[in-house]
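A.B. asks: This is what each chain is made of:
2 protein chains.
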Amino acid sequence: MNPEKRADIMQATLELIAEHGFHGAPMSLIAERAGVGAGTIYRYFASKDVLINELFLELDEKIKAQILKGYSTARPIRERFLHLSCGLFGYFVEFPLHFRYVEQFHNSPYGAARRRSKILGEAGQDDVFKSLFADGLQQRAMKELPVLSLCSLAFGPMFSAIRDHILGFIELTPSLIAQLAEACWDGVKR
Amino acid sequence: MNPEKRADIMQATLELIAEHGFHGAPMSLIAERAGVGAGTIYRYFASKDVLINELFLELDEKIKAQILKGYSTARPIRERFLHLSCGLFGYFVEFPLHFRYVEQFHNSPYGAARRRSKILGEAGQDDVFKSLFADGLQQRAMKELPVLSLCSLAFGPMFSAIRDHILGFIELTPSLIAQLAEACWDGVKR
DNA sequence: AATGCGGGAATGAACATTCATTCCGACCGG
DNA sequence: CCGGTCGGAATGAATGTTCATTCCCGCATT
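Protein chains in written order, with the working numbering: chain A, 1 to 190; chain B, 1 to 190.
Calculated from the structure, these hints are not laboratory results.
Note that identical chains are pooled: a pair holds if it fits in a single copy or bridges any two copies.
List time: in silico DSBU-like cross-link candidates among lysine-lysine, alpha-carbon distance up to 30 Å:
# : residue 1 : residue 2
1 : 130       : 143
2 : 189       : 130
3 : 189       : 143
4 : 62        : 5
5 : 5         : 64
6 : 5         : 48
Using the sequences and the hints given, assemble the complete structure.
C.D. replies: Put into structure tokens, the structure is as follows:
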């Protein structure tokens with residue numbers, strides 16, 4: 001079992017699916033780009049489904065780890081909100097392929113079941129976003145709306161903007177990111 | 001040429017793709033649900049691609065027609081904004097299948113080219129949304145951001161909320177819709 | 001050191017399945 | 001009968017998966 005080869009396969013899958021969608025990523029192409037034989041993939045992953053799901057989980061972990069860096073629930077609500085928003089913006093601008101992949105994943109049979117859990121978590125109790133909005137409600141800092149609706153107000157614009165950025169229609173500079181995060185805050189704040 | 005049969009085929013396509021995605025809508029199933037033979041579809045549509053695209057165009061027209069009802073560019077910016085927002089909300093709550101279809105379409109090779117044109121228009125000159133935001137900027141009623149970013153702020157939350165509604169996680173009552181539209185306005189207003 | 005051996009890893013051609021599309025015979029109104 | 005419409009089995013291309021075979025490398029024997 002060669003962990004490097006496993007990583008190659010995952011990278012090839014990420015690139016192909018992010019760039020060309022699930023339709024454009026047959027196993028034969030993945031194998032070719034990874035520089036392995038078609039059968040080899042099945043030594044590392046039981047099926048294409050498993051491969052796709054494991055890749056998603058890996059990305060999910062990386063994203064979570066990244067945005068939680070320097071995050072403290074002790075800070076004021078607004079600061080916490082901006083920290084997470086800018087963190088996500090930054091991550092996806094740095095790794096556009098990850099964004100495209102996660103997006104594809106969610107709009108597919110694979111992610112259908114997992115759809116519920118938006119971009120991140122809500123997986124059980126430890127969802128940073130849910131608890132941020134719950135705290136915000138409790139402190140009367142945010143509009144009195146269902147938590148999920150607050151999520152929509154906060155992240156809907158973000159994903160839309162990131163799409164535009166990746167497709168080249170706008171350029172997400174740090175300054176624009178800050179402005180957008182502020183605008184989202186205007187949307188959710190009381 | 002039986003126009004009724006043509007409509008049946010389109011309706012079957014709409015339902016299957018909206019409910020199960022493109023993967024879950026082979027021509028054989030479409031034919032079965034429409035109550036016609038597989039070959040018959042090709043008497044009405046040159047190919048599956050054509051069928052899918054024509055269905056999209058038809059929905060696009062219906063949506064446009066619906067939200068422009070009672071719309072006047074002479075009204076104040078805020079009112080125009082709320083009119084369009086609530087119109088879209090209302091339409092998609094009434095026709096969830098249309099929402100799901102349009103969404104699937106945009107996240108697929110079919111809609112990739114057309115991606116640029118968001119949910120509606122920007123097709124050429126007559127895009128109501130673009131001109132709304134342009135007017136808003138000119139009147140200094142909205143934040144000084146790229147028009148596309150204003151679109152993101154306005155419609156990102158909406159689509160996210162509609163998804164949640166269709167998936168059954170929240171219920172989009174008229175009252176909640178109004179609140180969300182207001183919140184979106186808070187996001188874009190100066 | 002050279003040789004032979006064992007076994008896990010890798011391979012890619014072959015297979016089974018799925019799907020869009022085609023084609024030809026059945027059917028029906030006139 | 002006959003023109004045109006319809007139906008659904010047949011077709012061929014594409015794709016996920018399997019499996020018999022090859023390859024590679026570490027180790028034991030001489």
